[in-house]
Amino acid sequence: MAKPQKKYTGSSVFNTTPDAAQRKKYCRFKKNGIKYIDYKDANFLLKFVNDQGKILPRRLTGTSLKFQRKISQAVKRARHIAVLPFTGDMIK
Amino acid sequence: MATKTTKVKKEESVVLNNYESVIIFTPVLSEEQLKDAVAKYRKLITENGGELIHEENWGLTKLAYPIQKKSTGFYHIYEYKAPASFVSTFELAFRRDERIMRFLSTVLDKHSIQYNVRKRNGEFNQGKNTTKQQEAKK
Numbered sequence: 001m002a003k004p005q006k007k008y009t010g011s012s013v014f015n016t017t018p019d020a021a022q023r024k025k026y027c028r029f030k031k032n033g034i035k036y037i038d039y040k041d042a043n044f045l046l047k048f049v050n051d052q053g054k055i056l057p058r059r060l061t062g063t064s065l066k067f068q069r070k071i072s073q074a075v076k077r078a079r080h081i082a083v084l085p086f087t088g089d090m091i092k
Numbered sequence: 001m002a003t004k005t006t007k008v009k010k011e012e013s014v015v016l017n018n019y020e021s022v023i024i025f026t027p028v029l030s031e032e033q034l035k036d037a038v039a040k041y042r043k044l045i046t047e048n049g050g051e052l053i054h055e056e057n058w059g060l061t062k063l064a065y066p067i068q069k070k071s072t073g074f075y076h077i078y079e080y081k082a083p084a085s086f087v088s089t090f091e092l093a094f095r096r097d098e099r100i101m102r103f104l105s106t107v108l109d110k111h112s113i114q115y116n117v118r119k120r121n122g123e124f125n126q127g128k129n130t131t132k133q134q135e136a137k138k
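Those sequence lines, one after another, are chains A and B. The first sequence begins at 1 in my numbering and counts up by one. The second sequence begins at 1 in my numbering and counts up by one.
Computed footprint of chain B on chain A, listed as stretches where at least three residues anywhere in the stretch have a Cβ under 8 Å from a Cβ of chain B:
| id | segment |
| --- | --- |
| 1 | 29-38 |
| 2 | 71-85 |
When the alpha-carbon atoms are kept at most 25 Å apart in a straight line, the in silico BS3-like pairs for lysine-lysine are as follows:
| id | chain 1 | residue 1 | chain 2 | residue 2 |
| --- | --- | --- | --- | --- |
| 3 | B | K119 | A | K76 |
| 4 | B | K119 | A | K47 |
| 5 | A | K35 | A | K76 |
| 6 | A | K40 | B | K119 |
| 7 | A | K40 | B | K69 |
| 8 | B | K40 | A | K40 |
| 9 | A | K40 | B | K35 |
| 10 | B | K70 | A | K76 |
| 11 | B | K110 | A | K66 |
| 12 | A | K76 | A | K66 |
| 13 | A | K47 | B | K62 |
| 14 | A | K40 | B | K70 |
| 15 | A | K54 | B | K69 |
| 16 | A | K70 | A | K30 |
| 17 | A | K92 | B | K62 |
| 18 | B | K69 | A | K92 |
In case anyone wonders, no lab produced these hints; they're calculated from the structure. Ideal Cβ positions, reconstructed from N, Cα and C, are used throughout, including at glycine.
Excised from the complex, chain B in its bound form (with noise of 0.2 Å):
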């Protein structure tokens, strides 16, 4: 996956760079409210010349504390690539969604790329386990 990226940034005269976006969702949305709302920044990414990497619902979560007096959310995770000035398109676009309560977008270095890759593979979740748990023991 990691040697597919640079092949890709050469080719292409416009740099694509990896970002990844948080976005909690009003609890107050029906199913099919959110499934629009989520289709609708998949299509944004892709339209203005960006590729989505992998998304991630969390579905309805509890809120560590209320946003907007709401005590969840739902969360969803756009994992993407994208030429820098996408971005605050994007935000933009978020800050005049009544639907979303909150977002969070952040750059990804190569280890977070490495990370994301291993978490979704799977080998991850079980290794942090074991690290945790030799941790507990001392």
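Just chain A, with the same shape it has in the complex (with noise of 0.2 Å):
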């Protein structure tokens, strides 16, 4: 069943469009090890916000459960201290 992914493909850093959906998604993290991710680092945690600035869903980013909490964790972070807005239009 094809899901209808429209909403989500302004960021095409991820696998959303239909051509590369069928490619195995896998976590950034894990493969690049890296093992911290810092919440004053903007441009970094752009990626993993989608255009009005939402937390984008594990599915779509591939990344594993223990990292996308460390994400969540450190955009919540960033938008206490300004450094990405809680709304907008395209922020990016």
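Hints are included, so try docking the two chains, each in its own frame, into the full complex.
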């Protein structure tokens, strides 16, 4: 069953396009050996939010649960110190 | 660096934890006022049995959203070792200070300490950029 994924196509970093959907998703943190996600690094965190500033789900990014938790923590911290916006249109 | 911290912990009776505090000062401050404020909290850390590991100043930075109707702020980051009870007194001082718009204190685990050390040495940024570029290519 094809999922309607039009909503998230703004992030070209992830395999959300139909032809790339067949490729196996992987956790970039496990693969690259990243152990800590810096909440002060806005450019990095922008990969894990959509155009509205919402955190992208794991099923789209392929992140493992362990690091999804860390991402969400980091994004929320970044929002508190005004590194990332809470909401917005076209924040990328 | 990491081996040193474990040695210190064993020798002293008071356990020192690693913390990081990000403070946003109001953009209204002059350069001297900012220096004074920064020095004040630096002093507070060392006076309360903590030790400063690293400091970082981002200067006047644009905020992602307005805070107290201001769209910019001076970011200052302290990385320090201190006893656990110190953080509450540190944050109390932040709350009482009108120059501070926002603050965030976090505990650093072993991975984040390592990350900060690598970032300071400057080896990190280059590596990170290349991984970013690789990902973009895919």
